[in-house]
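There are 2 protein chains.
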Amino acid sequence: MLKNDTILKTLRGEKTPYTPVWIMRQAGRYLPEYRETRKNAGSFLDLCKNKDFATEVTLQPLDRYPLLDAAILFSDILTIPDAMGLGLYFADGEGPKFERPLTNEKEVHKLDVPDVEQDLAYVFDAVKSIKQALNERVPLLGFAGSPWTLATYMIEGQGGTDFLNIKKMLYARPDLLHHILKITAESVSQYLSFQIKAGADAVMIFDSWGGALADNEYEPFSLNYMKVIINNLNIMGHESTPKILFTKGGGQWLDKQLQSGADALGLDWQTNIKQAKAIVKDQVTLQGNMDPSILLSDTKAIEKNVKSIIDDYGHGERHIFNLGHGITQFTPPDNVTCMLETLRSHSPQYHL
Amino acid sequence: MLKNDTILKTLRGEKTPYTPVWIMRQAGRYLPEYRETRKNAGSFLDLCKNKDFATEVTLQPLDRYPLLDAAILFSDILTIPDAMGLGLYFADGEGPKFERPLTNEKEVHKLDVPDVEQDLAYVFDAVKSIKQALNERVPLLGFAGSPWTLATYMIEGQGGTDFLNIKKMLYARPDLLHHILKITAESVSQYLSFQIKAGADAVMIFDSWGGALADNEYEPFSLNYMKVIINNLNIMGHESTPKILFTKGGGQWLDKQLQSGADALGLDWQTNIKQAKAIVKDQVTLQGNMDPSILLSDTKAIEKNVKSIIDDYGHGERHIFNLGHGITQFTPPDNVTCMLETLRSHSPQYHL
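Chains as they are written, first to last, in the working numbering: chain A, 569 to 920; chain B, 569 to 920.
Hints are computed from structural coordinates only; laboratory data are not their basis.
Hints may contain errors.
Any copy will do: because identical chains look the same in the list, a pair fits if it lies in one copy or spans two.
Said to hold, decoys possible - List of simulated lysine to any residue pairs, SDA-like, C-alpha gap at most 25 Å:
no.	residue 1	residue 2
1	Lys750	Asp614
2	Lys816	Ile847
3	Lys824	Asp880
4	Lys824	Asp683
5	Lys824	Pro600
6	Lys577	Ser808
7	Lys617	Arg603
8	Lys816	Gly779
9	Lys571	Asp644
10	Lys765	Asn672
Could you build all of it, start to finish, from the sequences and the hints given here?
The structure is reproduced here in structure tokens:
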């Protein structure tokens, strides 16, 4: 039914005429049309929670860039801890924060799986609305944060810290942290299942802070809970829905990620895609991995770097082009056009 | 002449009875005696610039922990850009900043190598004073920031950002960035040479932000300039002075670092030391790599993790124990004792 299902084919390792692409945070502040809608919607959370606004901004990059091969649900990874009652808010000019982070054992034991279907209905409504508005143009990607990444916010109260509170818990009270991760993994499983039932064609798990873990701790405290989610989804009847796993800063653990059951692994720009391909072979699809800051420079640098990634991946059907992290708000929109056009003209030679 | 030269032996790959250790930021805020001296000295920069205070705090961890095998100069990596005239300052509760970052081409072309011997005399005076106070107890390590890392502060005006300004320059005007890096590499070479002449027994180059570079750019924009410094030092007559190179977040580039001419490579906690050893063999010494947050937990976790690193490295003479980054200010000092004692009791079996 989809008019363009290139990305789904690539996720399954099937032959396509070119390398498909989407962009992390493709609906966002770098687009003037997004800033306009945001002005009308109010806060970022207001935008996420209103299905009409969420639909509008999700479709904006697709209207501007016909070469994009997927839409991604406009939402936030922190909707789940918010539904758990931790009180998500965005302070002006700062990242997301929680009013009631988990600071003691009592609070940890009180944590429970929310009523996902009801408390997060606004997300599933947005998925349905977007799916309808897309009218089968391209697939819609759903997403969630990884349990470890969600737990960092739930315990630290914010992101991008040194993670000292959660790490202290990890080493001194691993039982408490496992309790949090277990509840969160169950919540994420239900959350993604409802997204799929509402129309998401594939789902991605963002492990934004997995790279902060020590080598010995990545598997027990992050990867294993992502495996739980993938297994749950398979058991819940979503075996054929492709699943993408992305640990930012986790390029050194690709061999472990390969055993997760994910159909695709995201790569950041610190990872060499040629070396990554040598590790994963054609067992999974790789997604990435241009440094978002290249889009701040000029067409010469953009063309060179897009071609370099395409050439490094070389022949093969298991590569989805993307950035290695979200597009920055300072990106001139025309530079994205340059990236997409270079990709579309340079990649077909590897799909003959 | 040194009473304890274990670390120097390990840097040369010679046999020692145990695995030696020092701790990044071992003279620092986690020690009550440091906080006391700091109160008397004034600001952090006042402390760095007064050789008596710098000597006092450098020796504090050695007095408290007799199992430490090295002293490290108390100073800051940003003394060089400060000497270049960029105006280093520390805003309350924030990291270091520069009053006059490099924001345009004209400022970049005006940048020049400072009169290192004169403008940074306070550092070399501190080295001499510390060396005398140490009275040959343990070796003294000197250090500097890598050109790439210094350039991030010089261009962004501060650390820990998304590095969008320097990355934009890297991709759009690599000529300007290479100009900055060349001047900085020459400055660092002279700086480390004067530290060695003043008494430093080994030197370390801190590439704190090298891990932010894309895979293709790490070598041309960071590693190559560290190689320039190592080559310069060798030419300047410091071939026998051991050189340690540490790129935080650079564990995936160990094979490249191995070709740098460094005697030792630092590892962060995301890197598996067993795998790292398999790459570097006994060609260089490895330094690291316990997650500093483990020191916030308890003796059980500390003992387990120290032993795990020692067991992972296994037999061999080329390992200096350390954390994977600086010790945090929240570390209970007794936990350091536990780490050091576990190391000293557990490591000799691998040095028989």
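Evaluated hints:
1. Lys750 <-> Asp614: Neither: 29 Å inside a chain and 49 Å across chains, both beyond 25 Å.
2. Lys816 <-> Ile847: both (17 Å within a copy, 23 Å between copies)
3. Lys824 <-> Asp880: both (22 Å within a copy, 18 Å between copies)
4. Lys824 <-> Asp683: Neither. Shortest intra-copy (32 Å) and inter-copy (51 Å) distances fail the 25 Å Cα cut-off.
5. Lys824 <-> Pro600: neither (40 Å within a copy, 42 Å between copies)
6. Lys577 <-> Ser808: within (12 Å within a copy, 58 Å between copies)
7. Lys617 <-> Arg603: within (17 Å within a copy, 48 Å between copies)
8. Lys816 <-> Gly779: Both. Shortest intra-copy (6 Å) and inter-copy (12 Å) distances satisfy the 25 Å Cα cut-off.
9. Lys571 <-> Asp644: So Lys571 and Asp644 fail the 25 Å test inside a copy (27 Å) and across (58 Å) alike.
10. Lys765 <-> Asn672: neither (36 Å within a copy, 53 Å between copies)
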